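Undergrad: Note that the protein sequences, when read in sequence, are chains G and A. When the letters of the first sequence are read in order and numbered with the working numbering, they come out as residues 1 to 931. When the letters of the second sequence are read in order and numbered with the working numbering, they come out as residues 1 to 931.
None of these hints come from the bench; they were simulated from the model. Since we're looking at a predicted model, the values are computed, not measured. Don't take every hint at face value.
Which copy? The list can't say, so a pair holds if one copy fits it or any two copies do.
[To be verified] Computed list of lysine to any residue pairs in SDA-like fashion (alpha-carbon distance at most 20 Å, straight line):
no., residue 1, residue 2
1, Lys550, Gly236
2, Lys834, Val588
3, Lys621, Gly601
4, Lys5, Ile740
5, Lys614, Phe524
6, Lys861, Glu849
7, Lys695, Gly475
8, Lys673, His697
9, Lys609, Glu160
10, Lys206, Thr487
11, Lys609, Asp489
12, Lys529, Ile364
13, Lys673, Ile702
14, Lys166, Asp176
15, Lys424, Asp176
16, Lys722, Val768
17, Lys483, His697
18, Lys673, His413
19, Lys651, Arg553
20, Lys609, His156
21, Lys626, Asp587
22, Lys782, Glu804
23, Lys637, Glu572
24, Lys722, Tyr577
25, Lys690, Thr487
26, Lys614, Glu160
27, Lys722, Lys782
The primary structure of each chain is shown beneath.
Protein chains: 2
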Amino acid sequence: MKKKKYIYFFSNGRADGNASMKVLLGGKGANLAEMANLGISVPPGFTITTETCQSYYKNNKSYPVGLQSEIDKNLTHLEHLMGAKLGDSKNPLLVSVRSGAAASMPGMMDTVLNLGLNPNSVQGLIRKTKNERFPWDAYRRFITMFGNVVMGIQHHDFEEIMERYKKKSNVKNDADLSAKQLKDICKDFIAIYKKRTGTSFPFDPKEQLRKAILAVFESWNNARAIKYRNIYDIKGLLGTAVNVQAMVFGNMGNDSATGVCFTRNPSTGENKFYGEFLLNAQGEDVVAGIRTPEPITDLRKEIPKAYKILVGIRNKLEKHYKDLQDMEFTIQEGKLFMLQTRNGKRTAHSAIKIAVDMVKEKLIDKKTAVSRIDPNQLDQLLHPTFDPKAKRNVIAYGLPASPGAASGKVTFHADEAEKLAARKEKVILVRIETSPEDIGGMHVAQGILTTRGGMTSHAAVVARGMGTCCVAGCGNIQISYEKEEFTVDGRVVKKGDYISLDGTLGEVILGKLPTVETKLSGDFSKLMKWADEVRRLKVRTNADTPEDAKRARDFGAEGIGLCRTEHMFFDETRIDYVRQMMLVAGDVRNLEAVVEEMNNGLDKIPKEKISSFKEEIRKLKKKLDKVTKLYKGALKKLMPMQRGDFEKIFKIMNGLPVTIRLLDPPIHEFLPKEEYLQKEIAKKMGMSFKEVRDKVHSLQEINPMLGLRGCRLGLIYPDVYKMQARAIMEAACNVKKNGIKVIPEIMVPLVGTEGEMSTLKKIIKTVVTNVLAEKGGKINYKIGTMIEIPRAALTADQIAKHAEFFSFGTNDLTQMAFGYSRDDVGSFVPEFTKLGILEKDPFQVLDQEGIGQLVETGIKKGRQTRPDLKIGICGEHGGDPSSIEFCHRKGMDYVSCSPFRVPIARLAAAQAVIKEGNPLPQKTKKRQLND
Amino acid sequence: MKKKKYIYFFSNGRADGNASMKVLLGGKGANLAEMANLGISVPPGFTITTETCQSYYKNNKSYPVGLQSEIDKNLTHLEHLMGAKLGDSKNPLLVSVRSGAAASMPGMMDTVLNLGLNPNSVQGLIRKTKNERFPWDAYRRFITMFGNVVMGIQHHDFEEIMERYKKKSNVKNDADLSAKQLKDICKDFIAIYKKRTGTSFPFDPKEQLRKAILAVFESWNNARAIKYRNIYDIKGLLGTAVNVQAMVFGNMGNDSATGVCFTRNPSTGENKFYGEFLLNAQGEDVVAGIRTPEPITDLRKEIPKAYKILVGIRNKLEKHYKDLQDMEFTIQEGKLFMLQTRNGKRTAHSAIKIAVDMVKEKLIDKKTAVSRIDPNQLDQLLHPTFDPKAKRNVIAYGLPASPGAASGKVTFHADEAEKLAARKEKVILVRIETSPEDIGGMHVAQGILTTRGGMTSHAAVVARGMGTCCVAGCGNIQISYEKEEFTVDGRVVKKGDYISLDGTLGEVILGKLPTVETKLSGDFSKLMKWADEVRRLKVRTNADTPEDAKRARDFGAEGIGLCRTEHMFFDETRIDYVRQMMLVAGDVRNLEAVVEEMNNGLDKIPKEKISSFKEEIRKLKKKLDKVTKLYKGALKKLMPMQRGDFEKIFKIMNGLPVTIRLLDPPIHEFLPKEEYLQKEIAKKMGMSFKEVRDKVHSLQEINPMLGLRGCRLGLIYPDVYKMQARAIMEAACNVKKNGIKVIPEIMVPLVGTEGEMSTLKKIIKTVVTNVLAEKGGKINYKIGTMIEIPRAALTADQIAKHAEFFSFGTNDLTQMAFGYSRDDVGSFVPEFTKLGILEKDPFQVLDQEGIGQLVETGIKKGRQTRPDLKIGICGEHGGDPSSIEFCHRKGMDYVSCSPFRVPIARLAAAQAVIKEGNPLPQKTKKRQLND
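If we strip away everything but chain G, and leave its shape as in the complex, we get (with noise of 0.2 Å):
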């Protein structure tokens, strides 16, 4: 067996290394051995492996055999090619300890800088630059931070005493202390190390080097790291690589400097050299934010030379890497170190811009550029964003359930949101959780906020599909009704008080934060259309409503994929026709049966009880007349209510095929639940409160998720899907009449089993055929289903003998699949994954894994009965870029998701098409993009 490499050096125009090795070397060390091989200056030094860390864990949190013989080869290596000593005291080198991992992960681990000092290498230092107060300055920095790294003693313990000092002498700031001064707090600060910790400060070089790479590998696995790793779902690595480097000093006099900068303006995405820099400072020192530093083409008058060679560098990292760099950078008296290189983060705006422009320099190709975008950050352009220079006092965190920025006043009651609105009043809408009740305050509050449910709670789709921004689940937060306040960690905020939610962040922010509006550019639409340019997938959109259509037509949809006809149902004047129709519903039902059976029965009656029993009969068809009088009565009102919204939805979507979908949620869902709306529909009705109020309760289900609703509303009640399907086609012939090119596909919801799916596709054929007949219309129709019950994905090849399209409801199948309720989820899945028991929210992310499974096996059973099976989705994942990835790959026809969502799904399903071509291992590949 070959031995395992753990260490690779670079210096000056030779490195073991190179940029593709991050995996091994880390994004820092590879860059840095890049660097080193492109003939760009970095200070010597040397990366101990990602494997060398993992090794550490594997063997029991110690050295692996041979690290050590490697550690000191390659440090006399180093000390060989500085011409100075690890401790010396006439020309000690120091060197920085770093960690890296192949994914960026900024500040979670450890660092250790000045390594080397000691009393004797201080004196060494002195010597060699003249200057008594700067080491024992890097003296004292480099015993706060080993106390701190290595041993993890409280920045307080040394600050207490910098603090004395300064109070004593009198002045303000670090910098004002003499090195008398400096020399005495070092002695102090090795006292509180000893008394801390029990032990001595190392004075052995080498004792401090390796206790430093040792913390460096513990810096993996500390909390914030893990959760740092957890939040930004960055999975497989190895462990992190160490980084040991001769230091440089950007503080040894006004020919030093030391920078951060970019190749581009990494905010506007302009092609302009952009940074900044501190003369004679070190790194600490910008971050400490003392002073200010000053923008980078101002170092061209400073140290011309310097400057000169990194704008050479600039120029030769970005062709070399072609993408936006970020460096950083150290000038030692006169002379430039390169000490980092990477891939820039950007904002949405300028992500685009870069890449557009990068593709017009012919650095790249468009299919490039199409990747380079992170489809997800589109959001930030879509919807409305806080002025990032506002300050935020943020009081709690829920789920970011549906993006945007919104200030307003609080509220805890929909309609009086809506009183609120109509006096122009901005209110956030805080509830524990929102029904379809809610919907009108929904609909005109500027966010919403509530205490329970999770991703896909009502809230949140509802949100979503709005385009308004939501925070779900927010646990922390207890609301009153009754007082009209809510209470967050002791903090009371009332009815009227300002609040903010970015649905970004999934943050609550006290007070009234001022929100800045961002537009879409013509590099945007470019993109954009390259994106259109690969993809093969259709992207539909979820819409409701005329608005939600047109906004979605603008954004690009290529139809409707699900039209939810029961949000149409809750309109205000229509409601009560929902409610009629719902509470009589079963009584038509059952008393025609029982009038049905009485009248088969007659036969058998003896002949002296005939006229009583039929006495019964009459006084029951009377009463069954009255309830059916009732039910077809709401019938009749509510279809020319539903023709009129569809005539609307299918004038915008001219030519494009648009998805409805019939009746879906539980019945209970309509019922009023109040009292005194108990008693208006009672009057309506000609019934009494009480019958009104048995009949809510009874319609009351444990699990309504579970219960009649969907296909099984349909099915026992057939009269609402025949309504439904005759406003559909009777809206399509009259639009048909003006011109319009309109494809309705009536979709029946929750099916699962064949029988369901045949007996309904039956009934709504019939009403079809009539309504074509009565209207001498032609119309291309299809009747199809959803597959959101695993049962229906389980046997679709039979489903598929009567569906002519299926569209995957992966909402309701994660939810039936894994068992959870979405409303009731916060209670353990934001846990879950916290604990890495589940990898991610699989309401948020396909689980591909295990709905996947059912997906594959609905689409190939499906497609085995009718090979030209028209297939989407149109549950939330259908606007999750890893979701896209897999319906295309699964050979799906379309995705829809909510309007605002749509660019993003045309981005994704694009960068699917070139992920294909490029069959990176999966995880590399996606850091990749974002790194």
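Guided by the hints, dock chain A onto chain G, whose structure is given.
TA: Below, chain A without anything else, positioned relative to chain G:
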């Protein structure tokens, strides 16, 4: 193409068909042919095949081509054979036209007797029989039957005329009417026929025959027949056959008779010729019940020669069919004709006796004996039944949720039931639905009646487990808890009124009915022993109490497959601790997290704020200490109680495995819903009522079945599972010291992902290891999981990495893969099965097509990872014979069912093996066994 043969002729000693052709000739036709072939005298005739009926429907409800000419040919042959002619005025032939499908459907389809009569042939018959009254009587019967069956005229139309004549001549019975009167009646009948139908009564016998055959075809799809096939789950038949057969008359004098007999006594199983007959009578007279039939043995002295032949036939047929025969015969003027033979229906008791006797008599072998018993029928033996002679006033029908019979006083509250039971009163607990709070009342009740919920609702599952009779989901009944009464079809039943429940039939009966306890016979044990010799599947039981465990072991259970620990939590002495634990568990968790986070953040707090921040932490810690004390205190109390439960169960199950499922149901099931209970617990816990009320409210879930339950509870509150694991293992160690062989299997419920299982396995394993170390024991234990979440089945390969056994929880699996809430299906599943949308209620009979795929995948993938994985089923399906057969075929190791179904499962498991060796198409096979 070979021409299809529509008609099979049979006459003495020769037939075209035989007994194996039931599918084509129907049961009656095939057996008539078989008897003819055996040389037994049957009236000659012919059978029109079931395929012909099918062609009739395919052919738009008309005779298929060629049928008429085949009928004519066969009729001519029959006339020739009988030397008589249809409609002849000298020697008229009369025929019967009878339906007869492959499956027995008694009384469901139509029959026309005496066909061929018209004014002409009546005279012929008078001439031939030298009897004037009999032909007119036969004629009026024919007109009635024809009018009713063929033309749909209601019976009472004819009866009114009869009544008028009887009144006029002042006689009481039809038999007292004279020939003259009958002749006049015939005239009136023909008039009313014309009045009602608008057409003349057909005098042409060929037309009569054609219409009668069509009517029989039609009767295949009358509402009654469809309903019957639905109820008895008869599927896949072609149609009905039509038997046209020469009439014979048992009313031609005292050397004529008609009767029904069985080769053995069908009630007791005794091997004695059994039956009854009427001298000088027609079949109708037996049914009409005007004269009392005499026991068959008396026929010996009445018509000795015919009796002797009949006894010979009895022996011949039983030997031939090797099963109990149910026969009909007519003796015309001393000559015996067999009209029918078929396998006789029998009680469970007699079925067992007959099967065991026949083995003794070497008529059949043991396996055949085992196959002869319908496993479901055993329920009759294991539960009390009502005295079959008692008259039932059925006021409502519900689901037959738990078999048995019970009478008692109506009570609407569980606690009241307990009070009454304490006073030795027998009560029936009547509830809209039951919840775990009702468990005490359910336990003492004789029977349980609910108006909501399906076959696997809480009431149903618990009742079956207890062996208590239960009728569930009786939707016609409206309960008013306020008034303490229920209403059904206008009838009011008040608290304290007696009702009786037949849990086997789902009947609710007014009043108090006497019940009969049945005892298990020696034959029963013998048969079960034979079954045990054959079966491969092990049979375990679902038992939560020592009593259930004991009963199940007595019934032959080979272990416990499901011991639900939560049922132990509802005990009055424990529920308060459970509530205490549940109410503070969340606070403990949250406060721990907050305190930890604050401690971690201490570092970042500005110095001036440190002390107030520390004070804040101190306060929170105090609060945390309080709730922790309540939490741990409750767990500490519960642990020894649970340990005690397990010790008792382990002792009873000495030597057999006991699978214990950790806590499963949603939290809210344990919480006090009533205000007074909330006040009580608040006082005990030192909390305010408001706090408790709010807490209870905040723990409510929208879809609790998909919420925080099962392993999710165990992961969020690991202390609960730790407590249970400790209780199990301590109990195991304790009883082991007393020489008990204990094999505990710890089962984690509701696992859907690998992460859930691996995390909990680690937690449980740690506890187990600790306990074993403390107690110094060595216990043979396993840690496994339920497979009840669809995703778990799909990813079983991953879950099996950690789970050492699988138990399929097909209740939840069905619930989630169908998306049907067990508690809410009452509103649509019964309707769906009625409409044929669903074949069967999937909660009763495992849906092999859909859920079966998940089970199969789960088994396959589970064993891929762990080839020796022990796999069983513990859902309700574990006691359903067809589902047991499926489990056998798919290679499970055991089934687990409620104690009362253990014998059923043993038998079904044996039959599964026998069927496997005997691979007939399933449907035919099943029919043959039952028919």
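Undergrad: Next, verify each hint and record whether it holds.
TA: Against the structure, the hints:
1. Lys550 to Gly236: neither (43 Å within a copy, 52 Å between copies)
2. Lys834 to Val588: Result: close only across copies, 18 Å inter versus 51 Å intra.
3. Lys621 to Gly601: within (15 Å within a copy, 73 Å between copies)
4. Lys5 to Ile740: Answer is neither: 70 Å inside a copy and 59 Å across each miss the 20 Å cutoff.
5. Lys614 to Phe524: neither (75 Å within a copy, 51 Å between copies)
6. Lys861 to Glu849: Both: 18 Å inside a chain and 14 Å across chains, each within 20 Å.
7. Lys695 to Gly475: between (33 Å within a copy, 13 Å between copies)
8. Lys673 to His697: So Lys673 and His697 pass the 20 Å test inside a copy (9 Å) and across (17 Å) alike.
9. Lys609 to Glu160: So Lys609 and Glu160 pass the 20 Å test across copies only (15 Å; inside, 103 Å).
10. Lys206 to Thr487: neither (54 Å within a copy, 91 Å between copies)
11. Lys609 to Asp489: between (73 Å within a copy, 17 Å between copies)
12. Lys529 to Ile364: Intra 16 Å, inter 80 Å, cutoff 20 Å: intra-copy only.
13. Lys673 to Ile702: both (15 Å within a copy, 15 Å between copies)
14. Lys166 to Asp176: within (8 Å within a copy, 132 Å between copies)
15. Lys424 to Asp176: For Lys424 and Asp176, the Cα distance exceeds 20 Å both inside one copy (56 Å) and across copies (94 Å).
16. Lys722 to Val768: Only inside one copy: Lys722 and Val768 sit 9 Å apart there, 60 Å across copies, limit 20 Å.
17. Lys483 to His697: Answer is between: at 17 Å across copies they meet the 20 Å cutoff, but 28 Å inside does not.
18. Lys673 to His413: Answer is within; shortest intra-copy Cα gap is 14 Å, inter-copy 26 Å.
19. Lys651 to Arg553: within (12 Å within a copy, 71 Å between copies)
20. Lys609 to His156: Classified as between; 13 Å across copies, 98 Å inside a copy.
21. Lys626 to Asp587: within (10 Å within a copy, 53 Å between copies)
22. Lys782 to Glu804: within (6 Å within a copy, 49 Å between copies)
23. Lys637 to Glu572: Cα proximity of Lys637 and Glu572: one copy only (14 Å, versus 54 Å across).
24. Lys722 to Tyr577: within (16 Å within a copy, 54 Å between copies)
25. Lys690 to Thr487: Only across copies: Lys690 and Thr487 sit 16 Å apart there, 37 Å inside one copy, limit 20 Å.
26. Lys614 to Glu160: Classified as between; 18 Å across copies, 99 Å inside a copy.
27. Lys722 to Lys782: within (15 Å within a copy, 55 Å between copies)
Comparing the model with each earlier hint shows violations of hints 1, 4, 5, 10 and 15; every other hint is respected.
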